[in-house]
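All chains, please: the whole structure from these sequences, using the hints.
For the sequence shown, this note's numbering assigns the number 50 to the initial residue and increments by one for each residue that follows.
Be aware that a few hints might be false.
[Said to hold, decoys possible] With a straight-line Cα cutoff of 25 Å, these simulated PhoX-like cross-link-like pairs (lysine-lysine) come out:
| no. | residue 1 | residue 2 |
| --- | --- | --- |
| 1 | Lys88 | Lys121 |
| 2 | Lys88 | Lys111 |
| 3 | Lys111 | Lys241 |
| 4 | Lys241 | Lys121 |
| 5 | Lys241 | Lys88 |
| 6 | Lys121 | Lys111 |
Keep in mind that the hints were calculated from the coordinates and are not lab data.
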Amino acid sequence: MKRKVLYLAPLVLGSLLVSLWAYQSMVSAREVEIPAGTKLRIRLDQTLDTSRNRRGDSFAAKLDTPLMLEEKVVLPQGTPVQGHITAAKPSGRLKGRGFMTLTLDSLHPNDQSYQVVSNSQSRATGSHKKRNLMFIGGGSGFGTLVGALAGGAKGALIGGGVGAAAGAATAVLTGKKHVYLPAETVLTFSLKEPVRIGGKSPATT
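This is the structure we're talking about:
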């Protein structure tokens, strides 16, 4: 009997040590806090486009690089991320820039969900001015040439007006621009508030 007890003692002690290690790991996990200002580099899982996406639309992404704190991995590369579009507008046909603004909502490691508050990332289209001048000015020049061939100086003046109108019509038909972020686009956000990771998910309480 004494031998049996001596034989079992190391097993019991080993089991207790494993349990203690697991408990300490669990407590440690509950104490992990990602501080405000931490950068989150994400990669989009889907395409976002102002021609079809609107304010309030959600989007899915993943961490493009692991999140490290004190040389330890807190969130691995590939951790799912959710966000939404806070503003979206395509450009006008002749003026006004298109824009899209995104923010992050939550992190999802190990099937858990943790709400986050991040800064916003915005993208805008270029200006219409130069492109519209090219279309409208180009149309005017073409009309002037046609008018001059048809009716001399007077025809050139009329043709110039016709060409300008045609150029403006072309700009109206083709001038609309969109913000286009294809899948795999990498964006970097910054946390505005700290986030505690581990234990029971705050987003499900």
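Status of the hints after comparison with the structure:
no.	hint	in the structure
1	Lys88 <-> Lys121	holds (15 Å)
2	Lys88 <-> Lys111	holds (14 Å)
3	Lys111 <-> Lys241	holds (19 Å)
4	Lys241 <-> Lys121	holds (22 Å)
5	Lys241 <-> Lys88	holds (10 Å)
6	Lys121 <-> Lys111	holds (19 Å)
Violated hints are absent here; each numbered hint is respected by the structure.
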